[in-house]
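Student: Going line by line, the protein sequences match chains A and B.
Residues 32 to 262 (my numbering) are what the first sequence spells out, left to right.
Residues 32 to 262 (my numbering) are what the second sequence spells out, left to right.
For the record, the hints were derived by calculation from the structure and aren't laboratory data.
Some hints could be false.
[To be verified] With a straight-line cut-off of 25 Å between C-alpha atoms, the simulated DSS-like cross-links for lysine-lysine are:
(1) B/K248 to B/K53
(2) A/K143 to B/K255
(3) B/K124 to A/K143
[Said to hold, decoys possible] A partial selection of chain B residues facing chain A, derived with a Cβ cut-off under 8 Å:
(4) G73
(5) H76
(6) N78
(7) M81
(8) A86
(9) Y99
(10) P116
(11) I152
No residue lacks a Cβ here, since even glycine has one placed at the ideal position from N, Cα and C.
Number of protein chains: 2
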Amino acid sequence: MKTLVLVAHPEVKDSGTQQFLKEAVKSTQNVSRRELVLDQTGTFHANQEMQDVLACDRIIFQFPLYWYSAPALLHQWLADCLVTPYREKLRGKELGLVVTTGRPAAEFAAGKAQHFSLSEILRPFSALALNLGLKELPAFIVAQFAYQTEEQHQQLLIDYCQYLELPADFSFRQQEEWSVERLKKLSRLENDPAAQQLLLQLADLIDERSERLAELKEEIQMIKDVEEGDQ
Amino acid sequence: MKTLVLVAHPEVKDSGTQQFLKEAVKSTQNVSRRELVLDQTGTFHANQEMQDVLACDRIIFQFPLYWYSAPALLHQWLADCLVTPYREKLRGKELGLVVTTGRPAAEFAAGKAQHFSLSEILRPFSALALNLGLKELPAFIVAQFAYQTEEQHQQLLIDYCQYLELPADFSFRQQEEWSVERLKKLSRLENDPAAQQLLLQLADLIDERSERLAELKEEIQMIKDVEEGDQ
Numbered sequence: 032m033k034t035l036v037l038v039a040h041p042e043v044k045d046s047g048t049q050q051f052l053k054e055a056v057k058s059t060q061n062v063s064r065r066e067l068v069l070d071q072t073g074t075f076h077a078n079q080e081m082q083d084v085l086a087c088d089r090i091i092f093q094f095p096l097y098w099y100s101a102p103a104l105l106h107q108w109l110a111d112c113l114v115t116p117y118r119e120k121l122r123g124k125e126l127g128l129v130v131t132t133g134r135p136a137a138e139f140a141a142g143k144a145q146h147f148s149l150s151e152i153l154r155p156f157s158a159l160a161l162n163l164g165l166k167e168l169p170a171f172i173v174a175q176f177a178y179q180t181e182e183q184h185q186q187l188l189i190d191y192c193q194y195l196e197l198p199a200d201f202s203f204r205q206q207e208e209w210s211v212e213r214l215k216k217l218s219r220l221e222n223d224p225a226a227q228q229l230l231l232q233l234a235d236l237i238d239e240r241s242e243r244l245a246e247l248k249e250e251i252q253m254i255k256d257v258e259e260g261d262q
Numbered sequence: 032m033k034t035l036v037l038v039a040h041p042e043v044k045d046s047g048t049q050q051f052l053k054e055a056v057k058s059t060q061n062v063s064r065r066e067l068v069l070d071q072t073g074t075f076h077a078n079q080e081m082q083d084v085l086a087c088d089r090i091i092f093q094f095p096l097y098w099y100s101a102p103a104l105l106h107q108w109l110a111d112c113l114v115t116p117y118r119e120k121l122r123g124k125e126l127g128l129v130v131t132t133g134r135p136a137a138e139f140a141a142g143k144a145q146h147f148s149l150s151e152i153l154r155p156f157s158a159l160a161l162n163l164g165l166k167e168l169p170a171f172i173v174a175q176f177a178y179q180t181e182e183q184h185q186q187l188l189i190d191y192c193q194y195l196e197l198p199a200d201f202s203f204r205q206q207e208e209w210s211v212e213r214l215k216k217l218s219r220l221e222n223d224p225a226a227q228q229l230l231l232q233l234a235d236l237i238d239e240r241s242e243r244l245a246e247l248k249e250e251i252q253m254i255k256d257v258e259e260g261d262q
């Protein structure tokens with residue numbers, strides 16, 4: 032599965048969050064990232080812009096929330112690029128949103144400071160997905176990145192990469208496989224033999240536990256099946 | 032009450048709807064209209080842009096629906112202009128939206144072609160109004176202008192001017208007074224004495240009927256009051 036991340040941020044170089052997410056993408060596979068930039072005439076050219084969009088399976092719009100919507104840059108891109116015949120060719124692809132916000136996530140709710148949920152605020156993108164026949168993924172929200180601890184940042188990095196790489200509605204098993212894959216990759220890149228060995232052991236451990244879990248689940252299912260047969 | 036209409040349309044001269052609404056504004060009082068235009072650097076300058084906004088009591092964002100949101104031009108304006116200290120000075124003003132769309136209004140509903148209501152799609156502007164302490168007016172929707180009959184256009188013209196000029200939650204009486212005012216104004220501009228006389232007679236007629244209606248309402252209220260006293 033190919034994922035394309037389209038970043039719409041007017042000052043992407045000055046954004047700590049965007050630079051962090053840019054670094055994170057480097058450790059992924061089959062994910063490409065592109066920053067939207069207007070040409071000299073202040074427009075986007077659909078035929079140039081849409082080549083990599085049409086080639087991917089999952090489109091990600093990544094942007095900071097500006098006045099409860101995407102920055103002008105993304106709106107311009109939509110207007111210029113989602114035109115005949117390109118828009119007709121998007122049907123069946125997935126659409127994800129990576130939305131960064133300076134406000135705490137808890138503020139986006141009825142009765143809270145922002146009054147509306149982010150699902151409500153991002154409704155125009157749900158309408159867009161339905162219009163184009165795209166499969167909408169749940170939005171990935173990065174709230175108050177600058178206030179997060181180092182540990183939260185590390186968790187964010189993993190969650191973000193999984194959001195870009197894992198299938199929609201991924202299972203716990205797929206998430207484990209993904210972790211094992213990453214640990215093995217890290218061990219290959221590691222120079223210290225001891226650290227390399229540790230990473231491989233961790234990968235094996237997760238893998239074994241995961242298999243044991245699958246066996247237990249099967250046993251439980253068998254018990255349930257027998258019980259249902261009794262009724 | 033001063034109303035300011037900010038038009039955000041990338042091709043305003045080519046839009047029949049926008050040109051029609053532009054003509055309509057000419058017959059209003061205390062309404063000014065301005066088309067948003069980016070400067071050569073592709074930005075807006077808050078201090079220039081906000082002078083007339085701060086001077087008005089009612090701000091109207093007028094735009095065509097592009098991919099379930101406003102065109103990029105308005106998003107750029109919001110980002111550039113709603114900055115400290117200007118945004119702090121907007122509290123208490125009214126915010127109205129005049130939204131044009133090429134789709135039938137009935138399509139914007141759960142289970143219909145557009146899936147979501149226009150209230151849901153325009154939610155980011157509700158959040159904006161709440162954030163800035165603006166009083167949100169119900170949006171004024173112009174759907175499929177090009178398919179409307181001449182009679183519908185005339186009705187639209189009257190409804191639109193009332194949306195710009197009348198107080199929020201205007202009463203039937205205020206609507207009548209507004210009509211009388213306009214008829215009198217038209218008669219002053221009319222050169223044909225017979226037509227002039229007709230317009231004045233119409234104005235008088237509406238005024239008289241309106242007074243009679245007010246008397247009847249008062250009588251009904253008196254009867255109700257007496258009945259309630261009996262209980």
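Student: Among the hints numbered above, which are violated by the structure, and what are their numbers in rising order?
Tutor: 1, 2, 5, 6, 7, 8 and 10
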